[in-house]
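Asker: Working from the sequences, and respecting the hints, build out all of it.
Number of protein chains: 2
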Amino acid sequence: MAEYVLAADLGGTNIRVAAVDPAGSILYQSRSATPETRTREPIVQTIAELARKCIAEAGNGRQPAAFGLAAAALVNSSEGRVFSSPNLPDLDGFPLAGAVSDAAGVSVILENDATAAAIGEAWLGASRNVGSSICITLGTGVGGGIILDGRPWRGIDGTAAEIGHICVEPRGVSCGCGSFGCLEQYASATAITRMADELAEGFPLSVLSGDRSPSSRAVFDAGIGGDELALEVFRRAGFYLGTAIAGLVNVLNPEMIVIAGGAAAGWELLAGTVRQTMMEKAFQRPAERVKLVPAELGDNAGILGAAQVALQHKPPFIK
Amino acid sequence: MAEYVLAADLGGTNIRVAAVDPAGSILYQSRSATPETRTREPIVQTIAELARKCIAEAGNGRQPAAFGLAAAALVNSSEGRVFSSPNLPDLDGFPLAGAVSDAAGVSVILENDATAAAIGEAWLGASRNVGSSICITLGTGVGGGIILDGRPWRGIDGTAAEIGHICVEPRGVSCGCGSFGCLEQYASATAITRMADELAEGFPLSVLSGDRSPSSRAVFDAGIGGDELALEVFRRAGFYLGTAIAGLVNVLNPEMIVIAGGAAAGWELLAGTVRQTMMEKAFQRPAERVKLVPAELGDNAGILGAAQVALQHKPPFIK
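Going down the list, the sequences are from chains H and W. Counting from 1, position 270 in the first sequence corresponds to residue 270 in the working numbering; the numbering is continuous, with no gaps. Counting from 1, position 71 in the second sequence corresponds to residue 71 in the working numbering; the numbering is continuous, with no gaps.
These are calculated hints, taken from the structure and not from any lab test. It should be emphasised that the depicted structure is a prediction, and the values quoted were computed from it without experimental measurement. A few of these clues could be false.
[Stated by the list, open to error] Listed next, with one range per pair, are the computed distances between beta-carbon atoms:
#, chain 1, residue 1, chain 2, residue 2, range
1, W, Gly131, H, Gly131, 16 to 26 Å
2, H, Gln276, W, Val173, 17 to 27 Å
3, H, Glu41, W, Gly24, 49 to 59 Å
4, H, Asn129, W, Gly24, 31 to 41 Å
5, H, Ala23, W, Lys291, 42 to 52 Å
6, W, Glu3, H, Arg171, 34 to 44 Å
7, H, Glu3, W, Glu268, 55 to 65 Å
8, H, Asn129, W, Arg38, 23 to 33 Å
[Claimed, not checked] Some chain H residues close to chain W (C-beta under 10 Å, calculated; not the full set):
#, residue
9, Phe94
10, Gly144
11, Cys167
12, Phe180
13, Glu280
14, Ala282
15, Pro286
16, Gly298
Idealized CB from N, CA, C, for every residue including glycine.
Answerer: Shown next, in the form of structure tokens:
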């Protein structure tokens with residue numbers, strides 16, 4: 001049996017843990033709902049239990065080399081600590097990596113989930129063989145991960161790449177982060193639903209007009225069917241996403257921007273406006289250069305990125 | 001005689017060339033107006049002539065080890081080529097480094113002037129001993145330079161750090177770059193003048209009210225004197241500068257942001273609003289962490305940064 005690592009994706013709804021080999025093949029995976037208490041100890045125990053199941057099923061008697069844990073939170077990787085987690089606020093300030101290490105008996109490296117997705121895509125997905133890329137994850141919120149010269153850029157405290165909280169409308173919609181007009185308020189699944197409600201009155205003939213707070217999926221389906229309300233919602237989302245991307249292109253001049261997450265399924269409705277806005281707002285040279293592409297790994301981007309983090313870190317972390 | 005390098009700062013108004021020793025002392029410098037024709041050959045000859053003067057005065061018979069040339073342009077350092085130069089458009093596409101190398105007989109490394117200022121400040125100025133910093137130069141325009149883990153981040157084509165062209169007002173004032181609502185349109189010296197004109201009607205008692213298109217210096221002086229129009233202009237500039245900085249703090253989580261350039265003289269009128277806006281719009285952790293400081297090297301930041309570039313590059317470039 002060759003060596004393997006564990007990788008986890010801890011979200012507000014589900015927890016997934018997988019055993020992954022050094023080539024990025026998922027050997028086994030297990031999933032559980034995030035504990036209803038949403039508190040520290042049950043979360044740690046659930047992760048540890050899923051980890052033990054993976055070791056039992058895939059380990060063939062061997063322990064994993066390390067355990068990469070991607071969390072939907074502002075984290076400090078080097079300390080293994082959660083700074084703040086809007087979805088699981090009981091984790092704020094918690095040394096999650098150490099607690100899971102103790103409970104699962106494997107050294108844990110903590111990573112932000114959107115940075116993990118960027119690492120996963122750069123390892124095995126859309127941005128493989130690309131030195132400098134930015135991955136923007138459109139889901140319930142908007143996350144980001146930045147890879148510069150092949151390495152994740154985490155910033156001085158590990159909080160970098162919060163692309164969802166770039167201000168794109170200075171006096172815009174208030175955001176859970178405390179600011180106003182963040183990209184997340186215009187390009188997340190939540191924002192798609194809100195904008196559909198806001199604009200509904202102007203589109204009485206829309207198939208969505210009877211549907212108070214339609215899901216982003218319903219808005220997407222309506223858009224594919226040519227519904228004008230849905231198309232206007234995606235145009236707005238695309239305008240703001242393109243505005244943020246133009247800034248990233250001017251500031252970082254990356255080779256590729258990868259659009260990931262659930263709402264990436266809506267990419268075909270976003271792409272035109274995003275590209276047009278980026279071309280209008282960024283310098284011609286870096287805008288023509290950057291490749292703007294959808295992600296390739298789907299739901300597995302984060303867990304594969306966490307596995308790659310574990311593989312990279314394993315030598316000094318092996319117990 | 002110890003070794004030395006040449007460094008130049010090529011702007012739309014002046015050209016400066018200096019001989020600089022490895023400790024960053026300017027041994028001699030010479031200056032000339034940018035040629036009125038604003039064309040390639042006279043610019044190259046003027047730089048070469050100033051370089052020869054520096055060599056004659058400071059070289060004591062020795063040739064410089066290399067020549068760093070900072071230009072107010074989008075450049076590709078590795079090719080030594082100007083992509084585009086709004087102030088000196090005849091340089092667009094020109095292999096300036098090679099042409100100056102040939103004319104001056106010294107190997108030339110081309111650098112963007114705002115990146116050079118960031119390098120200079122990180123070498124000898126406000127951000128010395130700081131690994132990751134962003135330098136924002138407020139002048140006629142707004143430029144930027146990014147230092148990550150001690151190295152300038154230039155992007156895949158060398159066009160990165162165009163902080164003046166982050167969009168801060170999505171449907172805002174049109175910008176020379178082709179976009180709308182760029183930071184440069186709200187925080188440059190030019191913008192200070194324009195905003196004073198725009199707001200003048202509402203402040204009939206302002207000391208500036210009879211002064212059509214006052215200089216940014218005049219607006220600053222009025223602001224120091226408590227003039228309400230001038231203070232409102234600086235509040236607006238500070239709001240937009242703070243908005244852009246909040247985005248940089250959320251995306252890059254740097255240790256320090258340095259405000260440089262002529263308008264940095266107005267820093268005391270900007271600082272309060274910039275800091276307040278940044279704290280409101282960025283995540284608490286990276287916002288509390290980042291140091292927001294004025295530059296220390298004044299007009300010499302760019303030329304000292306160019307000298308540092310020459311010192312770093314000299315081994316492979318020595319003729």
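Asker: Against this structure, judge whether each hint is valid.
Answerer: Hints versus structure:
1. W:Gly131 / H:Gly131: 16 to 26 Å: holds (21 Å)
2. H:Gln276 / W:Val173: 17 to 27 Å: With a Cβ separation near 20 Å, H:Gln276 and W:Val173 satisfy 17 to 27 Å, so the hint holds.
3. H:Glu41 / W:Gly24: 49 to 59 Å: holds (56 Å)
4. H:Asn129 / W:Gly24: 31 to 41 Å: Since the Cβ atoms of H:Asn129 and W:Gly24 sit about 40 Å apart, the hinted range of 31 to 41 Å holds.
5. H:Ala23 / W:Lys291: 42 to 52 Å: holds (44 Å)
6. W:Glu3 / H:Arg171: 34 to 44 Å: violated (55 Å)
7. H:Glu3 / W:Glu268: 55 to 65 Å: holds (59 Å)
8. H:Asn129 / W:Arg38: 23 to 33 Å: Violated: the Cβ-Cβ distance is about 42 Å, outside 23 to 33 Å.
9. Phe94: violated (15 Å)
10. Gly144: Since the shortest Cβ distance to chain W is 7 Å, the answer is holds.
11. Cys167: holds (5 Å)
12. Phe180: holds (7 Å)
13. Glu280: holds (6 Å)
14. Ala282: For H:Ala282, the interface hint holds, since the closest Cβ of chain W sits about 7 Å away, which is under 10 Å.
15. Pro286: holds (5 Å)
16. Gly298: This hint is violated: H:Gly298 lies away from chain W, its Cβ roughly 25 Å from the closest one there, beyond 10 Å.
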